[in-house]
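6 protein chains.
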Amino acid sequence: MFLRIDKLPVELPASPEIDPIAAKHVQELLGGRFGEMSTLMNYTFQSFNMRGRDKIRPYYALISNIAAEEGGHIEIVSAAINSCLNGPRTGFVPADNSAESSLKDVLPAAFGGHYIAAAQTALPVDSRGMPWTGDYVFSSGNLILDLLHNFFLENGARTQKLRVYEMTTNPSARMMLGYLFVRGGVHALAYAKALESLTGVEMSKMLPIPNVANKMFPEALQFMEQGMHLKLYRFSPEDYRDAGTIWNGTPPAAYAEGVGGGGPLEFVDAPPSGGDLAHLAGIASSFAPNYAPEEIFEIATKLYQKAKG
Amino acid sequence: MFLRIDKLPVELPASPEIDPIAAKHVQELLGGRFGEMSTLMNYTFQSFNMRGRDKIRPYYALISNIAAEEGGHIEIVSAAINSCLNGPRTGFVPADNSAESSLKDVLPAAFGGHYIAAAQTALPVDSRGMPWTGDYVFSSGNLILDLLHNFFLENGARTQKLRVYEMTTNPSARMMLGYLFVRGGVHALAYAKALESLTGVEMSKMLPIPNVANKMFPEALQFMEQGMHLKLYRFSPEDYRDAGTIWNGTPPAAYAEGVGGGGPLEFVDAPPSGGDLAHLAGIASSFAPNYAPEEIFEIATKLYQKAKG
Amino acid sequence: MFLRIDKLPVELPASPEIDPIAAKHVQELLGGRFGEMSTLMNYTFQSFNMRGRDKIRPYYALISNIAAEEGGHIEIVSAAINSCLNGPRTGFVPADNSAESSLKDVLPAAFGGHYIAAAQTALPVDSRGMPWTGDYVFSSGNLILDLLHNFFLENGARTQKLRVYEMTTNPSARMMLGYLFVRGGVHALAYAKALESLTGVEMSKMLPIPNVANKMFPEALQFMEQGMHLKLYRFSPEDYRDAGTIWNGTPPAAYAEGVGGGGPLEFVDAPPSGGDLAHLAGIASSFAPNYAPEEIFEIATKLYQKAKG
Amino acid sequence: MFLRIDKLPVELPASPEIDPIAAKHVQELLGGRFGEMSTLMNYTFQSFNMRGRDKIRPYYALISNIAAEEGGHIEIVSAAINSCLNGPRTGFVPADNSAESSLKDVLPAAFGGHYIAAAQTALPVDSRGMPWTGDYVFSSGNLILDLLHNFFLENGARTQKLRVYEMTTNPSARMMLGYLFVRGGVHALAYAKALESLTGVEMSKMLPIPNVANKMFPEALQFMEQGMHLKLYRFSPEDYRDAGTIWNGTPPAAYAEGVGGGGPLEFVDAPPSGGDLAHLAGIASSFAPNYAPEEIFEIATKLYQKAKG
Amino acid sequence: MFLRIDKLPVELPASPEIDPIAAKHVQELLGGRFGEMSTLMNYTFQSFNMRGRDKIRPYYALISNIAAEEGGHIEIVSAAINSCLNGPRTGFVPADNSAESSLKDVLPAAFGGHYIAAAQTALPVDSRGMPWTGDYVFSSGNLILDLLHNFFLENGARTQKLRVYEMTTNPSARMMLGYLFVRGGVHALAYAKALESLTGVEMSKMLPIPNVANKMFPEALQFMEQGMHLKLYRFSPEDYRDAGTIWNGTPPAAYAEGVGGGGPLEFVDAPPSGGDLAHLAGIASSFAPNYAPEEIFEIATKLYQKAKG
Amino acid sequence: MFLRIDKLPVELPASPEIDPIAAKHVQELLGGRFGEMSTLMNYTFQSFNMRGRDKIRPYYALISNIAAEEGGHIEIVSAAINSCLNGPRTGFVPADNSAESSLKDVLPAAFGGHYIAAAQTALPVDSRGMPWTGDYVFSSGNLILDLLHNFFLENGARTQKLRVYEMTTNPSARMMLGYLFVRGGVHALAYAKALESLTGVEMSKMLPIPNVANKMFPEALQFMEQGMHLKLYRFSPEDYRDAGTIWNGTPPAAYAEGVGGGGPLEFVDAPPSGGDLAHLAGIASSFAPNYAPEEIFEIATKLYQKAKG
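Protein chains in written order, with numbering that gives the first Met the number 0: chain A, 0 to 308; chain B, 0 to 308; chain C, 0 to 308; chain D, 0 to 308; chain E, 0 to 308; chain F, 0 to 308.
There may be inaccurate statements among the hints.
It does not matter which identical chain is meant; a pair holds if it fits inside one copy or across any two.
[Unchecked claim] Straight-line Cα separation of at most 25 Å, PhoX-like style, residue types lysine-lysine; simulated pairs:
#1 K214 x K204
#2 K214 x K230
#3 K204 x K301
#4 K230 x K301
#5 K230 x K204
#6 K305 x K230
#7 K305 x K204
Simulated from the structure, these hints should not be mistaken for laboratory data.
Turn these sequences into a full structure, and let the hints guide you.
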């Protein structure tokens, strides 16, 4: 079972402008083969399906716990897309809802689905608009192969994130990217360490792939300065403590270079404190959420009163 | 963010035999258009994307909280599939891993992916083997339309579950179905009540769709006798309490008929206590989890010792 | 069986310019999940598959007859796309067919398929260029669920059409949209009334979704002033008269508000008179229709003479 | 615009047994690349999109008119599937709707979608269960290429139909196949003649592909004996008469061999008289149409009375 | 089995600028339904699957040999895309690899996959970004139908190439197009001749489709002046000589018109001499190939030495 | 460019019976995500797209050369499928081509596409019948990431092949599998060695994945006894010699254990000698190749004579 906390992993800045092109590119990191839907669902299904689980608890706990963290990652990538598409809007303008075609200046190259299917918000699709698919899930049941897959997946995901970083200067998108450079780095190292424990092959020496350090990116550096690259959080009220038997010791030199200390790795017995979700203004020309939110608020108020009374 | 609890919503019995045909049918309820991947991701994205959230908190809380419950539903459907595919196996038989073709008697009509891609475990695909796709997510941003969609989705899902129930007598599959008849019924009623509050149209009078009562099915009746059809659980340490402003009062007569009382609806301030996950035996002929789990256990033991020392 | 009339439901104005971006957006309304291919094929298959038809004739007649009308709707959406892509062209210019690259100024964000696969004409794809798929068809055989689906589908389709209206000022696209706001409104109300007759739940009170009236849009208002929002046409030489037992009485106030009268609903015993199809000029640089049409005309002339002689 | 007639092209016999394997194979001929959805939509979009139409009327009329006939072909293929899945059932058995699992003996190799998504009826998918897709539509706008495509499509469709004939002895499926061998043969010859008129290349000499004559199949022979292989019907109240300038003269010897006469080709100024649709019994265990049809009949009766009163 | 030669069929000029829009359009000719992946894989599978091969050697040899040539065609289309995306770059600029977002000026309408998934290079997708699929392969096993398909496929491919030619003036793309107009013309004629030998129907009289001659295009004319439109090359050390029994004689007048001579057709006992592959510069901001190539060169040098020593 | 040799990598025995279930399973190894279409096209596109090629020749040569070998692998997997579907048939039986339904005993669980689309031969689809797709190609341009992908791909492919081995005892399928266990092992080791040279991480110590040695399988052991596990063949008349700088030295102990010697690795300057292709009998009931092959032979004979005369 899963619980939910009404927070983002970290707070994102508002996008200073409506930026549908950044939103389109970032979709790849949500619904693409290497997007967060893939990391979430790969680890989730691998944990559901693990054979011999009782005997291989540390691996089960590691994959299950990272799966839970990935839930927050689809949330923060979606939040970055929503920030790009919302821009500086703060309130609902009823007059937009008319024949005046307030959307007629939508960029021709924007992703149409953001405007037609969604109310200028995120969808589980990639940068082509093609949907995420369950065929992106690899759950072979062979522990070494699954871990090798996960190590590859994290590095493929990092490569695509680095490229999207190069393609946009949007501060909301970049803050999300900086955070995920760091957290994805933790996951890549965790899977490397798991493989090392099983095979003796020092996979962590291969990192970083590509060979550019996270500290090069200011948005990532700030999180490294908070030590986030050294911490694996436990995303459960009571379970998955065995993951700490894999996530411990000292990271490879290249991993922590230049941000002080360099260790040790820490298994934190709680999720991160998180940041606030952004408010997304209603948009009359998208008919979202339908009436002015205030009108719906009145209805909601009556509901409250009725429930209390 | 999301947390995870290492329990199933309810415990499932072991399948008395290896039953790949039941497993194939049940896949529809996991990765099909009306499967639990769809309910999970529809509500998750609708909650990520809700515009004007601060003004329409009860609806936000309701959808967000049900989304969290659906995480446990993909888990229990996967567990039912895994139970069907595992059958009565309890231990790893190393000798299966050979040229003797221990799988040569696989039923011709089994889903090949269960054997070739996965180690006889669940995948996010439907009963055709086609993957779940992000195009099944409807997140229009129009609150009434999204709620109407969700009401339709829950009823479509119920219809397909009823039909799969008719197609199998497997006790593990049927226990899962009975549980989800009840919980899906709660969700359908919750969305009906949300729509009623916004439009005055008494959607709950349309239930049940199809017009066969849950109490007809022994596996559902037992959960109704525990009052589960009246309870909306809160799946969060601290959040989403506003959902209780929608889930309250008395259910329609047809909804609770025949199982005593009939109300009132209750918003429970915690998740259900849950049941144990089944152990899935390693299978040498599927190379899962690779070595005998015992051998991996030795490695894991060394990890523990190293971590402690 | 089906017959065909060489007319559009209504005549569309020519697009004053070549407008590939409008054409791209409008594709969603043809080949998307909520496009007219979906309404056409959903109702068509539901009518093919209806069990117990003899006993539930009015519903059979209603769905069958609306299916027939939807054939004209894929035609008029296609015509709007073709108008956008044709622009003011009126004749074939043989010299375009050369190495001079008359298409080199195609907008980078145009849908490539309009130029490469088709001769600047419509395709059964959505605004991403992804094809319409048979998986968009819902034909459960449960009458209430199918009707609920259809009610949802019509409202989802309306929402997307409203958004495309906001995204373009193209007069050809907007005329098509205005017409379909009205006709889609008729279908939504018809399905609402069918559901009401079976369940007693007053679905029509939920309309319009989103809550903006058709009369707000001049292109729709003109058709309402002709009473088209009150009429269900019979699209058959002899059959489907039973649909009139559902389509009768007075519409809800919100439905007809502001355009005089407001009823009663009328079942018209013939299709609408329709409008002329636009002529699409041949385009040498698209090699369509190959030779200059005049040359093909000569061939055709000989055919006529031979056929007569 | 389109009209609809509540008849099948010809009446089909009931399937003597429930035959889901025949139904699965026949789906290829409905929703596969060479299925009737493809012929219908290819010709429909080609007619919507034809450039220079006024100058090339006979070709426009031919393609438009055949498109209209194909509407009846998706209907008859669906009817054959429905017949196979319905078998000898004639009435609704309420007791099937229970926990007794009346569907537990469904053949493991049946197409699950027939039972889970549909109420044992047809879907627009192929024999794999994969949906028909708009990418099967070829509408290049080049008249010769489109006609060449259509000629190829008809012959590919014939080849697949012949193979399905070899794979089943189901009388309902075979009657449908025999009819479509003949009508598809007419379409292949019509496109051959159109190409011949434009290029001088005698495409009709290539027929039949594969080189087995329709007369070899008793179910086809009966329709040839009625002269149906010589007739192109006009599927319109008033339009498309120009198609007769292409469909006339004498067919190639191989085309009509052995069934007497051999010509001349005839353009019939009306659709065929058609046959009755089969009644599909309600099925309680599929929850179709929900209540017993009789109960719905009562509701419908009240509707009639209310409409009249 | 297959061998490989490290040459392109002909050398392509460098694109004078980075031209992602041309690259996007050209993708249709690589991974679209009528792209070179389709010609390659259609003929490859038809040759793998041919029944009765020993008795129909010339057809087997023809299809097998053309399949081998198509391998070079996916290579040259990919090379044209790569040239468009590489532009005039000649060397790796390490400083691009930073937070300065060197890709922030990527055209909004560029295909995102070129930048995010690939390092500004070709992918087996079409101009929508949708992947090539095995469903584009037609391998019916009926020789006449397969040849008819191939004839249609080549003409469809030519039509799309002509349109892309109209859409770009990029010299690298146009050189590739000119070459493939000529080689595709050879293949279309070869399949026409094969069909003629089996059916007596003079398919070659239908060429060219569309009716614009290759000589109209300077980039094609140069290859015709080298006689390349008359030559079928043998792409095998020892095999497929039987193809020469089909490729011989004199081409139709329209085929060779205006470029001198006009025949005879020649079966050349070797592949063409080919041209050099372009060098693609490393791109730091795409992290390709990771380190500066020079650094990798050092590693490679050590490998050489170690291998020799 | 590519050349072709009319041989299989090794000869396969005929399947003693028509075995459509084995054929269906083996399709996964042809057209699935880990099938030979994927290895072929991944390495082919990576070689087309390599940036900085001149500086990293050994890696370019290695990937290019293995790509060429994979062409033979799609051929041998197709041959195994064709053998399973052909069974012991040796000649064309004209009488099968009739109304007697010679295919009526096709196994219900067979893949319908083998019978309807193809003439009982292979298609580029997976074991579900879903097509291979270009989205399976990973060509990031980052050399280390591409090599890591390839190492993962080869091991994933091996795992699936091992499982199919367990699922069938068909001697034709198993011979193919044994051969590919060995050749896939060579490729996995080659990519491991390439990664080791670039990163120092001893990837080859991770092999074999899963941890079952090839020598356990008699069909693989015979090829190991010929030393095939030690040989990388050069698949080019003149090129790719630099691959030998990577493929040299001594393999890891576990790799060659138990089959004598154990090295050294050898770069063979030619392709393997190969084996004969099987003859596939014509099948009248599949209309393949149309006429009896003998009749086509007569036509072919006339072609020969005409070509010579």
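Hints, one by one, checked against the model:
Taking the shortest Cα distances, K214 and K204 sit within 25 Å of each other inside one copy (18 Å), while across copies they are farther apart (32 Å). Within a single copy, K214 and K230 get their C-alpha atoms as close as 16 Å, which meets the 25 Å cut-off; across copies the closest is 44 Å, which misses it. Taking identical chains as interchangeable, the C-alpha atoms of K204 and K301 lie at most 25 Å apart only when they sit on different chains, with a minimum of 20 Å there against 61 Å within one chain. For the identical chains of this complex, K230 and K301 are inter-copy neighbours only, at 22 Å across copies versus 45 Å inside a copy, given an alpha-carbon limit of 25 Å.
Within a single copy, K230 and K204 get their C-alpha atoms as close as 19 Å, which meets the 25 Å cut-off; across copies the closest is 29 Å, which misses it. Taking CA atoms no more than 25 Å apart as the test, K305 paired with K230 passes between copies only; the shortest distance there is 19 Å, against 46 Å inside one copy. In this homomeric assembly, K305 and K204 come within 25 Å of each other (Cα to Cα) only across copies, at 20 Å, whereas the closest approach inside a single copy is 62 Å.
Consistency note: the structure conflicts with none of the earlier hints.
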